[in-house]
Amino acid sequence: TIGWAQTQGVSDDEIVIGSVNDLSGIFAAVGVPATKGANVVFDRVNAEGGVHGRQIRFVVEDNGYQMPRAMQGYNKLLNRDKVFAMLQSLGTPMNVAGFKLLDPKGIPNVAPLTAARQMLQEPMKNKFTSFSTYYDQARIGVKYLNGEFGSQTVCTMYLPTDFGEEILEGSKAGAEEAGITFGAETTHKPDETDFVGSLSKLKEEGCDIVTMALGVRQAITVVGTAKKMGLTDMKFLGTSASFLTVVAQVPGGVTDGFYAAASWLDLWARAEEPAPAAFIAEYKEATGEDPVGFSMLGYSAAEMMVKALEAAGPDLTHESFIAAMESLDYMDELVGNQITYGPDDHQGADTVFVSVVENGAWKLVYEE
Amino acid sequence: MSLLEFESVTLKFGGLTAVDNLSFGVQEGEVFAIVGPNGAGKSTVFNLISRFYDPYAGAIRFDGHDLLRVKPSAVAAYGVARTFQNIELFEHATVLQNLLVGRHRHRKTNLFSEILFTPAARKQEIENREMVEEIIDFLDLQAFRDKMISGLPYGVRKVVEVARALATDPKLLLLDEPASGLSVEETSDMRWWIDDIRRQMGITVLMVEHDMGLVSGVSDRVLAMADGAKLALGTPAEVQSHPAVVEAYLGKAS
Amino acid sequence: MDNAQLLISGLANGCVYGLIALGFVLIYKATEAVNFAQGDFMMLGAFVTIGLTNTEYMGLPFWLALPISLMIMGALGYLIDRLIIRRLFGESQTAVVILTIALGFVIRFAAGLIWGHEPQTLQNPLAGKEIRFGGLVLGMEDVAVIVVTILLTWGLYVFFSKTKLGLAMQGASQNQLAAYYMGIPVKRVQGFIWALAGVVAGIAGILFAAKGSVDPTTGLLGIKAFAAAVIGGFGSLPGALAGGLIVGVIEPFASRYVAAGYSQIAPYALLLAVLIFRPHGLFSQVRVKKV
Amino acid sequence: MNEPILRIRNIESFYGPIMAIRGVSLDVHPGQIVSILGANGAGKTTLMKTVSGVMDPEKGRITFDGQQIQGSEPHKVVQKGIVHVPEGREVFPLLTVDENLSLGAYTLSDKGQIDHDRDLVFSYFPVLKERRGQEAGTLSGGQQQMLAIGRGLMANPRIMLLDEPSLGLSPLLVQEIFGILKRLNDEQKMTMMLVEQNANAALELAHHGYVMEIGRIVMDGAADVLLQSEDIQNFYLGVQEEGARENRRWKRKKTWR
Amino acid sequence: MRIVFKTDYMQDIRPWKDGYQLSLYLILLAIVTAAPWWLDDFYLGELTNVLIWAIAGLGLMILTGHTGQASLGHAAFLAVGCYANVVLIEAGVPFLLAFPVAGLLTGIVGATVAIPALRLHGIYLAIFTLALSVLMDDIIVLAEPITGGVAGKYLGGVEIFGHLVDRWATPAPFFWLVLAVAVVVTLGYINLLRAPLGRSFIAVRDSEVSAQAMGVDIARTKTISFALSCAVTGLAGALMGMFAGAFNNETFSVVISIQLLMMIVIGGLGSIHGAFLGAIVIGFLPQFLSISKEYAAAIFGGNTVAIPGLEFGIFGMILIAFILFEPMGLYGRWLKIRTWFELFPFYRKDMFKRQKSYLKTERLR
Ligand SMILES: Nc1ncnc2c1ncn2[C@@H]1O[C@H](COP(=O)(O)OP(=O)(O)OP(=O)(O)O)[C@@H](O)[C@H]1O
Ligand SMILES: Nc1ncnc2c1ncn2[C@@H]1O[C@H](COP(=O)(O)OP(=O)(O)OP(=O)(O)O)[C@@H](O)[C@H]1O
Ligand SMILES: [Mg+2]
Ligand SMILES: [Mg+2]
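Chains as they are written, first to last, in this note's numbering: chain A, 1 to 368; chain B, 1 to 254; chain C, 1 to 291; chain D, 1 to 257; chain E, 1 to 365.
Hints were generated in silico from the structure; no laboratory data involved.
These numbers come from a predicted model, not from an experiment.
Treat the hints with care, since some could be wrong.
[As the list claims (entries may be wrong)] Every beta carbon over 12 Å from chain A, so not counted as near; a handful from chain E, in silico:
(1) D8
(2) Y25
(3) A111
(4) A219
(5) L324
(6) E326
(7) W340
[Stated by the list, open to error] To give an idea of the chain C side of the interface with chain E (calculated C-beta under 10 Å), a few residues:
(8) V96
(9) Q174
(10) Q176
(11) L275
Even for Gly, the Cβ is constructed at its ideal location relative to N, Cα and C.
Let's have the full structure, built from the sequences with the hints guiding it.
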């Protein structure tokens, strides 16, 4: 029998992939370039004849980072577009709510744009993440800083959201593994713009490692403020959420010395290397803009999707796709990661890279 | 005992004494008028009764209740209804709805019976409506029953205010310049209406009015005020001929 | 020492809130409308300046870009009134409020389209400079913010209370009909105030972008500035500044001394407290209609 | 007679679907006081509003001093010298008495003239001087009415539209107001269009009178002639009075209807 | 032109004008009830969503449209209702009890909030409620033992008389549940408006002084209005939670509060129809734009994110257009259209031309 005939989102000449993303809300800086990056791949693949003769249709619903809109997006993707799989959906709560709908139908959720551990919650069968979690990033980053500088007290500045709590817990775990103390924490709101108070508190507590789970704009301000206050022995550590080229490029060297533990390498720091250079050229050709880090992630996730679809063969069903995903094992030169999946391993890359800003660019200092 | 009693009431706004040690009583069944120059404190007296202001000193009693102990809405519940000098109607509602709000103090239903619109609620609505229709007939407002207040001319609004106050079925009716803005013809209607309100409905009327024709035509007693204090109190004729009143209020010519 | 630093940084930050709040109050004072897009105006002002100044865009000299961008913002404020808000003349203020919320959506969209969604910083001559006195540090941008805010508040205050036009604006907000009877060209006056609000938003945007960075969602800061304006008493210009300063100061102190998990609540909790005890804000007295 | 300064021709005004003015024409000559009488709802206020531009007529022409002004913005009408003292006072409630008066002179810039006018207003209404600093919204009804009239005078108008200026004023002040209007007319030759319920006083003062009913002008004539008309006496001057209360619902048919 | 002769007071008290009007509404209700048979799952889901928003809109309409108290914080009450419902169900309370109790609890919370809010007017009240909405996020995090904090809560289907009612597994019964709630709330609302309490709401909205002079206790009336409004909003919140299936502190954001207010203003303040019309605009328009984008892409080419956030930008522009076109809300426009038909052919061309209008300060009340 031909399994795909019963599988939604797959027809003779088309595969529908969906995404509930943020194209206009507070995370548009992530969602927009990632979506564009993915489109570059799909457009190219489609132009070359598609995968096993099927064109890929990538349908992105804008959730504006709001739950009701996200639910409408899922309704459309599942009931109207009848997607085969989801790719790069953004937002932990939105993804988690989506699982309730995807799981019963066995629809795969691939490479969500959040590094929360919940992305691999049970049933894990149809869930695949690309990268290490915020938790691991914070944990490993803390250990690195301790090893490198002998720092003794870890503190966390975070937004009280699941994103923040993941990083808080990772930092605590890192401190424990390194055998140092977890000193203090401060909580924030996304509209906060001044951090002198929290920083003096952290100074008072003797913090010398500060992990951060803040918005990008806020992270920049924190680092700049600390400079002004002369808190030079405090090492600031962000995660993949702060690992943006713009953070390194803030004028005046404001962010110099800022660490980020992420699961990929910075794009522009490696612009000369062949894979990034080829990507930059292709992206620019396709969109007319310079890519940013998240364009690269979108691109690489789409590449992975195409690889899996190819490996699944012409008889595309959820089972064959999941089997194909689980068989993937390749080096992604663009992001600098070995991607390996297996029946019990639904997290593609496990490496955490720690980079630091030096002279307006990210420099890799450690990987694990 | 008077129905309404003011006892040495004083009210100050900053440095200004708007009501100055004022005492008077309104007897049940009479039409009592207050006159006085602009800014004498007449409307303020009304506002004191309505409990919009707390007096600085003194006591206000109505029908055995100490008004100073209760909130504004309770005053209406005791049976005091009023109109406003500057017209305060519910603009975005019809005349009928305005009058029905007047029935509020007689509400017997509660939240639940209203949401379910039980037979009791229905009966109450019909009764309210009958009562309000009588007032509409009485004040000749039939033509405006379903009109929005916002589209009514000044004169009609004045009458609607009186109607709304009557709809509360009060013991004491406070009218703040009921005839201002009315033509001579309408003023004479108003005169007969007030007369009927007192005689047929048995409602005591306390009114502020500048139209001396109306005042002397309907009122039993008149209080003249100036600068918040009592100037004269007596029958219309007495007050009108009181030299201080002529001097401060009526002017020599009249 | 420590507290002095908190205070002074809080004041500088509060001035930014105050600046945005001024924009709210300006429009409210002259039209009684609440411009929910004021925060987005500020964001736009910041991006316009970045677009003129930053080397990756037009790269004009900062001091040249400054007046140009303020002019652009003024023109924009005027056009928004002329083309959109004015069509609602005499309609209920709720309609205007909803309109400005929708306008905020459009501005955010446009900014994202033109300047992208990543945070950007204004390249400016003050960047990185700071002054120190006795262990306290204050960035030059902060100094600029404080000076400009105080001057602007004072200037606008004088404008409203002392000039004929300012008085006319207040009159127009209280009774449009009466203002017309006095011969005040109410619509033109409102156009002027929207232009002025555009300029004030431009100033706030420039200072904000110089102090930190902006992205299209920066305008959401407007909500906090709105809260600040309300704390001060919505119709009062010095009140707006004071409200901004209070919020600005409370934040660092709360983060410093209040337990994590609660500290970030401080500005809004303060707002609730102020409103409960002073229902019309700190700086305006309660008014009751005389009947 | 000289050319009318204000000429209203065939004006029709609507509130949505409701026709409030049904083709009104009237003339006001320079230096004249024209008085308009009518029951409530006749459309007097609407007519005034249409002249001062706060309402647009659907049809018809209004010429002031040879220029057409129908449908123009109200502030332009004021700049031409037409000032409207509206029904219901319409003071600026949160501004002080002084500030209200200053706004009355918004169209003028001669400081000396403004100060002089202000003193004049204060001499007419001394209580306003006492209350210079008080917020207008807290004045008593009659005080607000004085302020509204005073504010109108501050504009130094060529023609004043007065909509029930005596509303809520004490008898003494009503006499004074009419005295003031008379003086302004005599001394400064100020032209006026006056709506009054106090028909007696209005016709005593006016040169010419119009009677409106349901949006139409049903009668007009020299004021002294109108004063003698039986209908006017019956319906606007209350002469027939003493009608026993039994007859009160019986209304004599107005001959013009 | 239809003329109705009135011979009985009940004709005015009844919510419908005549049998003809009643039958129109009944037919509409029948058509909507049959929706699962003539709509596919996608549109049924959207219709359900619109109805949930409409219920929330009815809740806010009581407070803002009829009592004149602007709230920019109703998402907080959605949250209260949602969490109350889930927590009760998790505690083993059957849905048919948990649901109304969730509404009741939200009503009690609303009444409690009303007490400090009683002295606030206009924007001061709006910002007060807005702050509540902002704080709700933190409160949910802090109340982790009850709310599950940032990890959130889940709610799959519920059982009603042994039938599974679940947004995804059994969309039709879930739709009927929502429809039933909407109908019941609407009927209660209609009843309220023709009874003394509803009129006292309007009285408080239009003039507090004279409402007091009529014996309306302002504090009590506002508190009841808050309570009713929040209770209905709580019901909507409970349904919204069931619709989403999963929610946490970020679900009921301030943006939703703001959209709720937009919704009732665009629909038409002070009318029940307005809540429904507004819900269609705010609830379905974004989805409609998203769908149209596909057709546009099919016609003009280009991929789905040619312009990121375009739908949102267009959404904003359409809202602006709605307000400019009809500042009194869609219901106002509908009334005009209806009048036009009723008067046909006696209408005048510019009968609905806006006459110049002017505002007065709302700072005094
Ligand atoms: N809220 C207030 N603040 C300050 N002064 C006030 C206030 N309310 C009233 N007044 C003053 O108190 C005095 C009495 O006002 P009130 O309205 O009682 O006068 P009135 O006798 O009704 O006059 P009128 O005949 O003009 O209506 C006036 O001088 C007025 O200016
Ligand atoms: N805003 C409005 N909307 C609808 N109709 C209105 C409006 N204002 C007035 N009208 C109607 O227009 C007609 C004329 O009203 P207008 O106010 O001009 O009368 P008036 O002669 O000034 O009466 P009054 O002596 O009571 O002031 C009235 O029938 C009234 O119902
Ligand atoms: Mg008075
Ligand atoms: Mg009139």
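For each hint, the structure was consulted:
| no. | hint | verdict |
| --- | --- | --- |
| 1 | D8 | holds, 45 Å |
| 2 | Y25 | holds, 28 Å |
| 3 | A111 | holds, 26 Å |
| 4 | A219 | holds, 33 Å |
| 5 | L324 | holds, 22 Å |
| 6 | E326 | holds, 25 Å |
| 7 | W340 | holds, 34 Å |
| 8 | V96 | holds, 8 Å |
| 9 | Q174 | holds, 4 Å |
| 10 | Q176 | holds, 4 Å |
| 11 | L275 | holds, 5 Å |
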